[in-house]
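Below, each chain spelled out in residue letters.
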Amino acid sequence: MKGVAPILATVTLLATVPLITSSNVVLNFLVMALLIALVGQGWNLLGGYGGQYSFGHAAFFGTGAYVTAVLQMQYGVNAWMGFVIGIAAGAVVGALTGAVSFRSGLKGSYFALITLAFAEVLRIIASVTPITGAGVGTLIKLDLRPEAFQFQSRVPFYWIILAMVGISMILMRLIEDSRFGAYLVAVRENEDAARALGVDATRVKLGAMTISAAIAAAGGCFYAQYFLFIDAGIAYGPWISIEALLAPIIGGIGTVFGPLLGALVVKTLGELAKLMTGGAPGLDLVIYGGVLIVVVAFAPRGIAGIVSDMRRRFYRTPPPGENGRG
Amino acid sequence: MVVADPLLRVEAISKRFGGLLAVDKASFVALTGCITALIGPNGAGKTTLFSIISGFMPPCEGRIIYAGEDIVGSPPDRLARRGIARTFQLVQPFAGLTVRENIAVGTHLSRPKRTDALSAAGDIAHTVNLSRYLDRPAASLTVAGRKRLELARALAIEPRLLLLDEVLAGLNPSEIRDMVPVIRMIADRGVTIVMIEHVMQAVMSLAENVFVLSEGRIIAEGSPHAIASDPRVVEAYLGKGAAKRMTAGSIHA
Amino acid sequence: MLSSVILIPAVLNGLMTGAVYALIALGLTLIYGVLHIINFAHGALLTAAMFAAFFAHQWLGLDPYIAAIGLTPIFFGLGYGLQRFIIGPAAHGEDRNILLVTLGLAVVIENALLYAFRADTRTINLPYAFNVIEVGSAFLAVPRVIAFVVVIAVAIALWLIMRWTDTGKAIRAVAKEKLGAELSGIDVAHIYAVTFGLGTACLAIAACLLLPTYYVNPTAGNAFVLIAFTIVVLGGMGSVTGALIGGLFVGVVESMSGLYLGESLGQIGIFVMFILVLLFRPSGLLGERT
Chain H
146 MKGVAPILAT VTLLATVPLI TSSNVVLNFL VMALLIALVG QGWNLLGGYG GQYSFGHAAF
206 FGTGAYVTAV LQMQYGVNAW MGFVIGIAAG AVVGALTGAV SFRSGLKGSY FALITLAFAE
266 VLRIIASVTP ITGAGVGTLI KLDLRPEAFQ FQSRVPFYWI ILAMVGISMI LMRLIEDSRF
326 GAYLVAVREN EDAARALGVD ATRVKLGAMT ISAAIAAAGG CFYAQYFLFI DAGIAYGPWI
386 SIEALLAPII GGIGTVFGPL LGALVVKTLG ELAKLMTGGA PGLDLVIYGG VLIVVVAFAP
446 RGIAGIVSDM RRRFYRTPPP GENGRG
Chain R
22 MVVADPLLRV EAISKRFGGL LAVDKASFVA LTGCITALIG PNGAGKTTLF SIISGFMPPC
82 EGRIIYAGED IVGSPPDRLA RRGIARTFQL VQPFAGLTVR ENIAVGTHLS RPKRTDALSA
142 AGDIAHTVNL SRYLDRPAAS LTVAGRKRLE LARALAIEPR LLLLDEVLAG LNPSEIRDMV
202 PVIRMIADRG VTIVMIEHVM QAVMSLAENV FVLSEGRIIA EGSPHAIASD PRVVEAYLGK
262 GAAKRMTAGS IHA
Chain Z
129 MLSSVILIPA VLNGLMTGAV YALIALGLTL IYGVLHIINF AHGALLTAAM FAAFFAHQWL
189 GLDPYIAAIG LTPIFFGLGY GLQRFIIGPA AHGEDRNILL VTLGLAVVIE NALLYAFRAD
249 TRTINLPYAF NVIEVGSAFL AVPRVIAFVV VIAVAIALWL IMRWTDTGKA IRAVAKEKLG
309 AELSGIDVAH IYAVTFGLGT ACLAIAACLL LPTYYVNPTA GNAFVLIAFT IVVLGGMGSV
369 TGALIGGLFV GVVESMSGLY LGESLGQIGI FVMFILVLLF RPSGLLGERT
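Protein chains in written order, with the working numbering: chain H, 146 to 471; chain R, 22 to 274; chain Z, 129 to 418.
Treat the hints loosely; a few may be bogus.
When the alpha-carbon atoms are kept at most 20 Å apart in a straight line, the in silico SDA-like pairs for lysine to any residue are as follows [unchecked claim]:
1) H/K252 - Z/P217
2) R/K134 - H/L241
3) Z/K304 - Z/E222
4) H/K147 - H/L316
5) H/K252 - H/D345
6) H/K286 - H/A308
7) H/K419 - Z/A247
8) R/K46 - R/I240
9) Z/K306 - Z/P217
10) H/K419 - Z/F245
11) R/K134 - H/L319
12) R/K134 - H/F302
13) Z/K304 - Z/G364
14) H/K252 - Z/F408
15) H/K147 - R/P158
16) H/K419 - Z/E222
17) H/K252 - H/I269
18) R/K46 - R/G64
19) R/K134 - R/P96
20) R/K134 - H/R348
These are calculated hints, taken from the structure and not from any lab test. Predicted, not measured: the structure shown is a model, and the values here were computed from it.
Next up, chain H with everything else stripped away, as it sits in the complex (with noise of 0.2 Å):
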């Protein structure tokens, strides 16, 4: 499964799912999925390449998203513009947050915390701030032209959200075969090794978070767009930063489907959750955070290490190692 033909396979199987529906319920749902996987490969990058788990990759989720609708809003920017500054503000931001943190050596539970801590402060300072429309929340003015990154149906949202995450997709298949990836995944494996093979830590790392926030910033400038309104609670919320390490830990860590698989999975969940209860806020998270212990508990490595797993199984091929290289 290397090379990007299977993923422009996926995401030219998925892209034809408007011909086949148009029925705005499903369009809905595989939108929030891919959304979700967006994030969620940016999350994927740090957390399962590099091995920095975040909780608050909400800070660049929401920085997108703020940035792109007061832009809008507040300077009468073009929406497809503010989409752009959106992105490298969100970049910016994980620039920044990563240099503090990485200088300052934290890992581990440390870095967790912290990334929590700067959502955390985002949300407040966005919900008390006049030009974010402090706790009402900013509406982008309905203009439904494509110019204005509007549409009249939810189908070419779809296709763009589709298009984003096939790139992003494509970028860690890049990644992957990069020097970088491997500088990387050996920061993952044992920091004090790669240094001592000439790795510099703390940029690998920092490259990683940067384009890892770039990345989650595209989602919620999309967000911003698909809804029109955000808030504080919204944008800097803990749900995206939940759904962001979510999807890739369910489909599959340091993988280049696991975030889309695990995004349908933990989306599906949800609305199943939904239908049970009608509605009634709490239930879906619940199962989540079920879903999060088991996963941890007893498929590591996710549905694509279960899928390995049972092809392995299905082909009988040998244990890897004895003339491994077919």
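Assemble chains R and Z onto chain H, guided by the hints.
For chains R and Z alone, coordinates are given in the frame of chain H:
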């Protein structure tokens, strides 16, 4: 053998941990292209000294001149890029990666392209007899295999100076016999080696020059044979008066 | 500048609030000191304890201070069980997994409470909630004074347990040298669970001390736990005295910054302090190096 300038000159390095003086004004040199051994009883400060030279730990005092420059304060990755490689006494494989991928982290240093790095890793594995295990996970290797991997990774950055921290420890006699010529060959290619080693038979056959570290201090220096019969060395290992007793008992031939 | 007439009561009130912070931080630091994990479920467990105390009052008519007598052993058992049967086995001994498992627990507990009790904010009415004691120029709310006294008593009790009981000695042995403790026959999994239980029991007490003057909703515990994280990092991870002093200190700082900066900025003040402490107090961070 031509004795050239020292590639590495350690000058009066001290390291204190709280009240404990782990390294006490230790000085030694590693001549270019030679194998220098650093021996001494457990807890003498050998590994601490290696960690200081390779940039993982700052010394409290002293200078380290490598290729004519003081390198104290440089981080380990910069030193690695300048040609200093080390192995870890407690092997530190990238456990989740294959042997080839492990070595490729090193070969990437001079090869930006993934395919180049991976194929170079194959060549390196060959020189340390790891070819058979190339695509196995590093976690599946035996102790001997892990020591070889440690060595292979260090070689992968094409070092000028190689610091080997007990690469023979934990190996059985036949594994040691296999490993000794590998180290010899690396030196013959012009790599300057400093080795911490407890296996005296290997030190005797490999090293041109030996320094003895005891309680943080260099207490003796010389050829392997001179060192082996130095009473100060015997005492450092076996305790005060041991040399005298041994001569008296004429165990010493 | 504000005069001492306002300042002294602010300091005293800060100390009273800080005592409860200290108790929450005590639980966190105890777990960290022994298990070397940051318990991300601490906030959710505090919320659960607050709900328990609330319903003990609502359904059984128990005063929170009375309820504490029953809730403390119940939460000890809950914490013991969580560590013994969920966190320990699920994490396979890996730090990253523990992180995720405690996060998962937090999400489950918090949202189960949300699902069961909705997002409503609830309070209880106690006849003495607004009584005050006059200390010099300051008027102190009775529940806060009680909280302060109880926290000091709990801290002393905990110290005695650690110092004089066999379990306490075993806990200290495991904290210091896990392998050695294991070799000398101590059941480490049991001691881990006991420690987690003690940490959780602290939360039950804290919840009962908070309820007379505070509200409860499914996210009520979170605000306290971020403060507790700050205290724990400030006081040095795993240090019990650090947690106590840090708690009192943060209580005072919060009370003062609330005075000068207003409510929401005061909240930011806590986070900013938290971030700065994480970044610049390396001694609190040594536990993470391998």
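Each hint, compared with the structure:
1. H/K252 - Z/P217: Since the Cα atoms of H/K252 and Z/P217 sit roughly 23 Å apart, the hinted pair is violated (cutoff 20 Å).
2. R/K134 - H/L241: violated, 29 Å
3. Z/K304 - Z/E222: Holds: Z/K304 and Z/E222 sit about 19 Å apart, inside 20 Å.
4. H/K147 - H/L316: Measuring from Cα to Cα gives roughly 13 Å; hence the hint holds.
5. H/K252 - H/D345: holds, 16 Å
6. H/K286 - H/A308: This hinted pair is violated, its Cα atoms lying about 25 Å apart.
7. H/K419 - Z/A247: holds, 17 Å
8. R/K46 - R/I240: holds, 11 Å
9. Z/K306 - Z/P217: holds, 17 Å
10. H/K419 - Z/F245: holds, 17 Å
11. R/K134 - H/L319: holds, 11 Å
12. R/K134 - H/F302: violated, 37 Å
13. Z/K304 - Z/G364: holds, 15 Å
14. H/K252 - Z/F408: Holds: H/K252 and Z/F408 sit about 14 Å apart, inside 20 Å.
15. H/K147 - R/P158: holds, 18 Å
16. H/K419 - Z/E222: With a Cα-Cα distance of about 33 Å, the restraint between H/K419 and Z/E222 is violated, given a limit of 20 Å.
17. H/K252 - H/I269: Violated - the C-alpha atoms of H/I269 and H/K252 are around 25 Å apart, more than 20 Å.
18. R/K46 - R/G64: holds, 16 Å
19. R/K134 - R/P96: Violated, at roughly 25 Å.
20. R/K134 - H/R348: The given pair, whose Cα atoms are some 19 Å apart, holds under the 20 Å limit.
The earlier numbered hints that this structure contradicts are 1, 2, 6, 12, 16, 17 and 19.
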